Every structure is written in C-alpha cells, then in structure tokens.
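Undergrad: Each chain is listed here by its residues.
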Amino acid sequence: MYYLGIDIGSLTCDAVLIDDSEKILASSVVPTGARNREAITRAADEVLRSACISEKEVTATVSTGYGRKRVEGRLTAVTEITCHARGIKALLPGTRLLIDIGGQDSKAIELDENGQVVDFAMNDKCAAGTGRFLEAMARALQVDIEVMSELDNGARGDLTISSMCTVFAESEVVSLIAEGLKVNEIVHGLNRSIASRTLSLIKRIIPDIAGFPIAMSGGVARNSGVVRAISNAMKSKVVIPPMPDTIGALGAALIARERYSHN
Amino acid sequence: MIVAGVDIGSLSGETVILSDDKILSYSIVRTGADSALTAKKATDEALKNADISFEDIDYTIATGYGRVIVPFANENITEISCHAKGANYLFPTVRTILDMGGQDCKAIRCNEKGKVTNFAMNDKCAAGTGRFCEVMADVLGIALEDIGKTSLEAKKDAMISSACAVFAKSEAVSLLRSGVPKSEILSGVHEAIASRVFALLQRVGIEGDFVISGGIAKNIGVIKKVAEKVGLKPLISEEPQIVGALGAALFAKERYKKG
Numbered sequence: 014m015y016y017l018g019i020d021i022g023s024l025t026c027d028a029v030l031i032d033d034s035e036k037i038l039a040s041s042v043v044p045t046g047a048r049n050r051e052a053i054t055r056a057a058d059e060v061l062r063s064a065c066i067s068e069k070e071v072t073a074t075v076s077t078g079y080g081r082k083r084v085e086g087r088l089t090a091v092t093e094i095t096c097h098a099r100g101i102k103a104l105l106p107g108t109r110l111l112i113d114i115g116g117q118d119s120k121a122i123e124l125d126e127n128g129q130v131v132d133f134a135m136n137d138k139c140a141a142g143t144g145r146f147l148e149a150m151a152r153a154l155q156v157d158i159e160v161m162s163e164l165d166n167g168a169r170g171d172l173t174i175s176s177m178c179t180v181f182a183e184s185e186v187v188s189l190i191a192e193g194l195k196v197n198e199i200v201h202g203l204n205r206s207i208a209s210r211t212l213s214l215i216k217r218i219i220p221d222i223a224g225f226p227i228a229m230s231g232g233v234a235r236n237s238g239v240v241r242a243i244s245n246a247m248k249s250k251v252v253i254p255p256m257p258d259t260i261g262a263l264g265a266a267l268i269a270r271e272r273y274s275h276n
Numbered sequence: 199m200i201v202a203g204v205d206i207g208s209l210s211g212e213t214v215i216l217s218d219d220k221i222l223s224y225s226i227v228r229t230g231a232d233s234a235l236t237a238k239k240a241t242d243e244a245l246k247n248a249d250i251s252f253e254d255i256d257y258t259i260a261t262g263y264g265r266v267i268v269p270f271a272n273e274n275i276t277e278i279s280c281h282a283k284g285a286n287y288l289f290p291t292v293r294t295i296l297d298m299g300g301q302d303c304k305a306i307r308c309n310e311k312g313k314v315t316n317f318a319m320n321d322k323c324a325a326g327t328g329r330f331c332e333v334m335a336d337v338l339g340i341a342l343e344d345i346g347k348t349s350l351e352a353k354k355d356a357m358i359s360s361a362c363a364v365f366a367k368s369e370a371v372s373l374l375r376s377g378v379p380k381s382e383i384l385s386g387v388h389e390a391i392a393s394r395v396f397a398l399l400q401r402v403g404i405e406g407d408f409v410i411s412g413g414i415a416k417n418i419g420v421i422k423k424v425a426e427k428v429g430l431k432p433l434i435s436e437e438p439q440i441v442g443a444l445g446a447a448l449f450a451k452e453r454y455k456k457g
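Read top to bottom, the protein sequences are chains A and B. Be aware that the first sequence starts at 14, since it is given in the numbering used here, and climbs by one per residue. Be aware that the second sequence starts at 199, since it is given in the numbering used here, and climbs by one per residue.
Simulated from the structure, these hints should not be mistaken for laboratory data. Mixed in with the good hints, there may be bad ones.
Taking lysine-lysine and the DSSO-like style, the derived pairs with C-alpha atoms no more than 30 Å apart in a straight line are [as the list claims (entries may be wrong)]:
id, chain 1, residue 1, chain 2, residue 2
1, B, Lys322, A, Lys195
2, B, Lys220, B, Lys238
3, B, Lys455, B, Lys220
4, B, Lys422, A, Lys138
5, B, Lys354, A, Lys82
For clarity, every value in this text was computed on a predicted model and none was experimentally measured.
This is chain B alone, in the form it adopts within the complex (with noise of 0.2 Å):
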C-alpha cells in the first residue's frame, strides 16, 4: 500500500509518500500563487524521489491552510491533527507540540495515540511566526538561513520590546544605526520569538516530550531560546517540516486500510 499525505502551507508545500509504515520519500517546495500547482508541484517531486508513478498511490490526504485546494486529494484533515498525528509517529512519548511556520504557529496538546487534546494558534499576527524571521533577515542583511547561527555568536541580547514585526523593525534598524552587533540583534530577535510562543505554550500548558516542527525548528538560535524558557529539551525530528504532511500520509494510511 503506497500513500501521500500533501501539506499545502503558506510559504511551504510538502509531500510525503509512505509504504506501509515507512517513508518512501518526501519533498519540499516553495508555495506560488497557485495552491493546486503547488501541491502538484510537491507531489511529483516526491514520487520522483521515491522512483514510483501517480497510479501507484492508493489514498491522499491534503492539509495545512491550502488542503481544500488540492484537487487530487481523497480527503482533507486539518493540520493540527496531522501534525500531532506525524509528531507522535516520529515520537510516540510527545505529549506537547510546537509547530512554527512561515505564517502561524500553533501549540498543541496530544495524547499517547497522538490524538489532539487542546491547541492553541496564532496566524493572525507576524509575531512568533517564520515571517518574523523574515522581515528580521532582511533588515539585517543576513541570509534566513543563516540568522540561527549568527544569533549565537552574540555575547549579550539586544532588547527588542515590541511584540509587532513592524514595530520590531524599526527597533533593530535604530540599534543597527548605534551600532549593536547583528548577532545580538537577532539574539533578541530570537528572544522575542520565544516569549511569544511560550505565552501560547502555556495557553495549552506544557508536559514532556517536547517536540518543535515547522520550518523554524531549523533555527537553532530559536531552538536555544525556547528550550531555555519551557525548561524541556526539546525533540526535534531530522526534517521537521515535513511532519504536517507525514501525519497525513498516516492519515491516509488509515482511512485506505478500513476502505
């Protein structure tokens, strides 16, 4: 039995082909202005990894904000189950779940079947979420991928009070004018970043494990700092963008077997 589960997000589309149990192949691609496309796009990029056809997939189940447009999908399930779901395959002891994306971020609470007990989310605001980090990279001139590792030759934090990406801007466009160093800009970029999602971790309340997905979970700058305010050394899965998508491929491995 081959399955796919595709996770249309706002910034990123992702596919993940599984056989049986175990992960075939997945993929990962920069979302355009067309959903539908995206999730083509993403899917054909898997099937071509795993060396296998269309035809050969049995069930597919789409998620994340865009999973009502992908035309090929037999279902749809939103993606906090899918990423409780997915979090609780690559760890079956997670109980807590944060998922940092490039326009949400979201706290879920999960059970040992990796069923969601409680969530909370915030995709109202920049703040906490990967467009934080992007407007923060691009101030500073500094690649988004490279803006964890700088962060952590800082010595000290800058403060950087607001909340708001707006706001927060303006804040590190005047400490770059007095001359604080970038990487303790984003030191206190990253802090910020932190206390938000903490705020929204305890809205759920926090039991181990931990596990962070999501595209931020690649940057350690921010790994660091949550870590250092939930007190819980966080699980972090070697592609945690892709457990969105796998939790559907799991999904849709269930729904296939019982027809």
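Just chain A, same shape as in the assembly (with noise of 0.2 Å):
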C-alpha cells in the first residue's frame, strides 16, 4: 500500500510518496505557478512516475499547505503545522521546535516530547523574514537566489541592514552597493535581518530557547548562510533534515498511511 502527501504553498508544490513500512519511495517540488491544479498533477505524476506506481496503487491521499483544499480525491485536508510537526518526527525525532521559512511566510512550531504540536507562531503578513524577502535581496543585488547561499563566506563585519521591511531594504542595498560595500558583507547583514526576524517569532511562543533541540525546514533551509545566521542569533545549532523543502509533504504522507489504517 502507497500513500501520497502533497503540500500546496504559495511558491512550490511538493508530493512525498510513502510505502507501508513509512519508507520514502520518492519525493518532488514542482513550482505552484498561476494554476494550482496543474502543479498539483504535475508534482503527484513525479513522484508516481520515479517510484513507478499507478495513480490507482496510491491507497489515500492527504493534503496540506494554503492550496490543500484543491486537492481532488483526498482522504483529508490538514494543517501545514500539523504536518510538518509530523514530517520532522519521523526524520529528526526529539526536535522541540521547527522553524519553517518558506516562500511567502514563516512559522516556528513548539513540540513536546513525543512530537505534538504545543504552540506555534505564524507570520504570512509581511514579506519580511520570507523567502520573497530573500529572492527581493538577491535581485537588488544582481546575484542568483541559489548562491546566495554561500555569499557571506569570509564576512565578518556586523553591517546592520536596518529596515525590516522588505521595500525599504530593498533600497537600503542598493545605498550599500552605491557605497561600496561588499556583497559577501551585504549578505552576511541580511541574513542577520532574518535571522533577528526569525528569533522574535520564536520568543512569541518560547521565551527561553537554551537547551531546546532545534531543526529547520522550508526552501530557505537550503540557504546555509541563514541557517548560520539563526544558529548564532540563538546561540544553539539548528538541524536541517535532508530535503528540507518536503518535510510539510512528508507528514501529509504519514498521516494519510495512520488515517488510513484507523478507518
């Protein structure tokens, strides 16, 4: 028996396909684009089609993420929360909390022991401290949103970028650049901002970080230089999960496999 997760977010659409055993027989992340739908098709036909299964094997289906609802033929709609908390039980168990930055929102996810969701905090109002808000940085500075990853290499310097808000940094890089200002320092300042933007989310919900097992997830959990940037600003390492992008998908997955069997 098969059972497929799919996680609708604003930027990508991402399908993780499990077998009876929770094992990861394929995964995908597919650009959501105009059309949810197709993205939808196209994420599920990925991971169907490398793992070499008919749509017809897929036992159930859950669905997760801002679009879930249009997920045709689901066994149910859940929370991203939800899912992720469940995605990182299964790969980094004893994590007590889960930062998820994605393209267009951020949410740092308080667990207990046994990986349920305590208390969560959520920003998709403001761009700041998102992914669009990295992709906006790498544009005024003229550099691939990929290797931004590793641009503040060698930075030292505590250059503060001190608009929070992605419009106004905007034009506060281009000030710095018109200054002479490294790029490798630029980075460095705004993965900082990030990562200060980061750190006020989690103190919403958990005053006192220290000693708390920390992971990360989200297409910005592939930027290293954030991840180095947030593990300083909480003065504690941050763990990234392999295929940081899917973790959402992921607990879609396992959810539809525990329903499934429950019914």
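Quick one: dock chain against chain with the hints and give me the complex.
TA: This is the structure in structure tokens:
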C-alpha cells in the first residue's frame, strides 16, 4: 500500500510518496505557478513516475498547505503546522522547536517530547523574514538566489540592515552597493536580519530556547548562510533534515497512512 | 524678518520662505543621496522664486528625517511638531492631521494652538506610504501622478488582501493577468492604503477638523477612500507637500523673535 502527501505552498507544490513501512519512495518539488491544479498534478505525477507506481495504487492522499482544499480525491486536508510537526518527528525525532521558512511565510512550532504541537507562531502578513525577502534582495544585488547561500562566506563585518520592510531594505541594499560595500558583507547583514526576525517570532512562543533541540525546514533551510545566522542568533545548533522543502508533504503522507489504517 | 523652513524627507525636500507671516515662496525637489545637497538645492530654488539671496534669511529651522544634516540650519525640530504647526497655520480649526509621506505615515493630534497632543507613526513598513503607491503604479505601468484619477474610473474595487507591499504587488500582477481592469486594481490598492492609515488614525482618535498633508494628499483616489472611512471631509491645502517645511519656518519666526 502506498500513501501520498501533497503540500501546496505559495511558491512550490511538493509531493512525497511512502509505503506501508513509512519508507520514502519518492519526493518532488514543482513551482506552484498561477494554476494550483496543474501544479498538484505535476508534483503527484513526478513522484508516481519515479517510484513506478500508478495512481490507482495509491491507497490514500492527504493534502496540506494553503492550497490544500484544491486537491481532489483526498482522504482529508490537514493544516501545515500539524504536517510539519509529523514530518520532522519522523526524520529528526526529539526536535522541540521547528522553524519553517517558506516562500511567503515563516513559522515557529514548539513540540513536546512526543513530537506533538504545543504552540506555534506564524508570519504570513509581511514578506520580511520569508523567502520573498531573500528573492528581492538577490534581485537588488543582481545575484542568483541559488548562490546567495554561500555569498556571506568570509564576511566578518557586523553590518546591520536597518529596514525590516522588504521594499525599504531593497533601497537600503542599493545604497550600500553605491557606498562600495562588499556583496558578501551585505548578504551577511541580510542573513542576520532574517535571523533576528525569526528569533522574534520564536520568542512569541518560547521565551527561553536554551537546551531546545532545533530543526529547520522549508526552502530557506537550504540557504546555509541564513541557517548559520539563525544558529548564531540563537546560540544553538540548528539541524537541517534531508530534503527540508518536503517536510510538510512527508507529514501529510504519514498522516494519510495513519488515518487510513485507523479507519 | 525673513525666515526659512527646510523639510528633508525620504523622497523629497522642501523649503518654505516666510516674510513675517506671509509665505514668500516655496520649492519641492527630489531627495538625492546627499541630504545636505538636497537642502541646499531646495533652498536655492525657493530663494530664486522669492528673488532674494541667502544672506537675507534671518533664521532657518530644519525638519524631516534628514534634519540633522542641514548644515546652514540654526536648529532642527521633529516633523511631527512641524506638521502640526503648519497645518494649524493653514487651518486653525484642525485637531487631527494625517501626513502621508513617501516612506512613512503619521497620525497627529493637536490643540487649538497647533501643539502636538498625541501621535502614531509607521515608518517601519511600506504599507500605507508613498512607496506602496510607487510600487503599484510601477507594476501597472501607470505614471504615479495619474493613479488617483485612473482609480476613479473603477466601477468596483478589486480585492487586495495583503497589507505588505511585496505581497500586494503579486496580487496586483495576478489580478492583471486574470483581466481585471487597472482602474479596479488601483481602487483596491487605495482601499488597502486607506484601511492601513485609518487604523493608524484610530490609535490617536479622530476629531474634526481633519487635515491631510504630504505628497499622497495629491492622490484623489486615496483621499476619497480615507474620507469614506473617517466620515469627515478632509481639508487639503493647495500644496499639501510643504506643510512640514511651513511649520519649520513658523517655528523659525518664533525662535528668531525670542532672540
């Protein structure tokens, strides 16, 4: 028996296929684009094809993410908070704080010893501290978003980007370039800005994070510069699971299996 | 007695020259990277308009976020105080001022003398500021000065649900793609701005008369939406962008008199 989890986010649509032993058979990440249904079909087709399984063989599908209600033939739709918690419990058991930074939102999720959600805080109102902030900054710096990750290498400076707002930070970056600041120092400053934004999100639910095993998921978790800045800001190591963008979809697949066997 | 008020904002710089109680001349220039230079440019232009020279000015007060870098100013005063002072000169009955600038927005309460009694400000985020308008005008390919007029052609508002300029821009792009007329998108944009500044006004409380100043006061679309929300007809001066500089000049007159 096979179980499919689909996470329809603002920028990417992710799918994970597992079997009865909870083994991950395949995963996919496709751009969401303007048409959710097409992205859902593409993400699902991709995992089915790479696992050589037909659609009929999928026992149950659970959807999550902001477009979760758009998935047809689903067993149920589950919030991304629950799915992220379930996914990280499978890959990094013992995690007590999960930071998820996606394309258009960021979340801090507190978990108990059993991986159950205790509390969470979320920002989806403002681009600051999300993937969109990084995208805009990469554009202002005229560098590829994929290379942003390593661009702060060797930067020791403590340059602070004073604007929190993405629009204002964009202008600030342009004037910093005009002032002759090095790109790696600006990127370092931007990463610290995301880290401080993330830290204030976390502080809303956990005043003292000392001793908390911390993990991070979402597309931004692939940016090692941001991860380093967050680790430094929290004075604590942040662990990144394999394929951090598909944690929500994995959680959805695991929930599909549980709910199906329950019924 | 001739005095000057210089307001160095994020996007524009203004100078107002007063001869006793009369406005002799004013200027509005685009802010450059160098605030001192912007201040000089604005003041030179106002001097030219008044046909007087720099030596004729008895006292100068600077305001705005760049107020500390105006080398020829005798003093500087916050823009909150200056806006209240300027608005009180133009409309003595004013009690609530909404100043909508290029990169910030302020709600100011004042007494009958034009003295500030309370204020709330957003300068952290582009939502509800001139920058928000700029981003939207840009994405729709309409000149900034035309968006107000264009929005009035709308039969209904398109829904812009995000306050964040970055997210609202994406919303505008997808509305445009799905064939929604630009006028309706702009009307929705102005509604979003009005909601945002209305929340700021509610923090200080609204009491008539109500004045709107700043560059966005020239956007008829925003004014209409704000008026609907507030339920008061806003008073807007002929040149709403110079209210801060005017207030600074009025302070300059008082300080000079005191010696």
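Undergrad: Does each hint hold? Answer for all of them.
TA: Against the structure, the hints come out as follows:
| no. | hint | verdict |
| --- | --- | --- |
| 1 | B:Lys322 to A:Lys195 | 25 Å, holds |
| 2 | B:Lys220 to B:Lys238 | 22 Å, holds |
| 3 | B:Lys455 to B:Lys220 | 15 Å, holds |
| 4 | B:Lys422 to A:Lys138 | 26 Å, holds |
| 5 | B:Lys354 to A:Lys82 | 28 Å, holds |
No hint from the list above goes unmet by this structure.
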